[in-house]
Amino acid sequence: MGEEVKLFRSWSSPFALRIVWALEIKGIEYEAVFEDLSNKSPLLLQYNPVHKKVPILVHNGRPIAESFVILEYIDETWKQVPLLPKDPYERAMARFWAKFCEDKVLTSIWSAFIKQGKEQEEALVAAAENLKFLEKEMKGKKFFGGERIGYVDLVLGWLANLVSIFEEIIGLKIVDEEKFPLLYSWMQDFAEAPIIRDNWPPRDKMIVKFQALLDAAIASSSSSSSSSK
Amino acid sequence: MAGSEVKVLGTWASPFALRVHIALGIKSVKYEWVEENLEAKSQLLLESNPINKQVPVLIHHHKPICESLAILQYIDEAWPSAPSILPSDPYHRAVARFWAAYIDHKWFTWLKGVASAEGAEAKKAALDRVREGLVVVEEAFGKCSKGKDFFSGDRIGYLDIVLGCFLGWLYVAEKRNDVKLLDEEKMPGLAAWAIKFCLDGAVKDVMPDKDELLDYANMVFQAMAKAKLNAPPNY
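So the sequence lines, in the order shown, correspond to chains A and B.
Every letter in the first sequence is one number past the one before it in the working numbering, and letter 79, counting from 1, is 79.
Just add 1000 to wherever you are in the second sequence, counting from 1, and you've got the working numbering.
Take the hints with a grain of salt, since some may be wrong.
[Unchecked claim] Covered, in the sense of this in silico footprint (three residues per stretch, anywhere, with C-beta under 8 Å from a C-beta of chain B), are these stretches of chain A: (1) 80-92; (2) 183-196.
[To be verified] Selected chain B positions facing chain A (Cβ under 8 Å, derived; list incomplete): (3) A1070; (4) Y1074; (5) A1078; (6) L1170; (7) M1224.
Since the hints were made in silico from the structure, they are not lab data.
Please read these numbers as outputs of a predicted model, since none were measured by experiment.
No residue lacks a Cβ here, since even glycine has one placed at the ideal position from N, Cα and C.
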């Protein structure tokens, strides 16, 4: 019986993109199932009843959800081109940085994009502090994984594409090349790596999508805000 | 010598630090526990975890490891001999990690939400969410345990530790709000599991006394309420 690997994704989800990259980097054959998240398929709901989200990896009929969980599953199941280091301490460091990227970097940059006024200012300050830590971690390394792309690079990879889209939409710099030279050059190296470059979703479609999200956020905040806020 | 090789920076009330206590106990690793004062963090803590400045931190061969889930997996990998903490099969490991993420990101956030909810209606809604989450985890328990005592089977493992560390704080929420959250009728599997978990050899001597935790929580919440009353208006 052959391996059956399916990936439930959407055209734009940066979380599902992590899994696309991981599968492609390891040369794993898979079938991509594109979901319309405004009209989720019964299969998606069956495979991920708890969160009802993409990505979902289905391997030989068994579904796995949550991108971090899927990445580790892929690394443990297909041993070629390892994403995580071998050494337990290095693995713990990778897991620490992945959590930092998700909980702090992603959250603060998303807030810097989607919020307005004082909240946006505060988010930009928080984002800069978080980026400083990343900049420090990058010293002496081409990628977070070292010489080649690894787990943390895949987790943070959305930065290399989405940040310039956010910056274009809001007209503000989030990752300043002068303040974060190492991170900036990581973004270039990562974005231009063959597998990564070939899988970015279309930029013009992304700008339309995120502009719409921002417009909706502004509309809902101005309709619910009172003067004392 | 063995004791000084492994240090844990934690606090007695922290459920995340408790995870590390339990995991090291499972592996019979000797360690030195450093009780931190979070109001006056030690130089060692600030140096070991400069980004988050939080407990727990595991220090092994002078190298610090932060984030409790990363620490649990490190302990399993650095001391690979039995008993293991995570399952050996990648699919079951994925299931355990999935539920650990649900418990930490969703359920524990809801549990914290009980404390911060203001007003009777908000409190009730927050408590209902916690209970609903436990119903979801009850179903997961059934699938993971397959009729055995623990999520991991015959012995406690990753998911048992991840959820079990919150039992003390769950008790605190029940007592402070005069409700039952871990309900024997709605969640019979988890209710039975909780009792067995607390009696486990690696747990019973390190789990904080739940009434001491309640006293501590009452004190902390009282202080917070006082601080709020005395705080200047936030214009």
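So, against the hints stated earlier in the document, which numbers end up violated here? 2, 6 and 7
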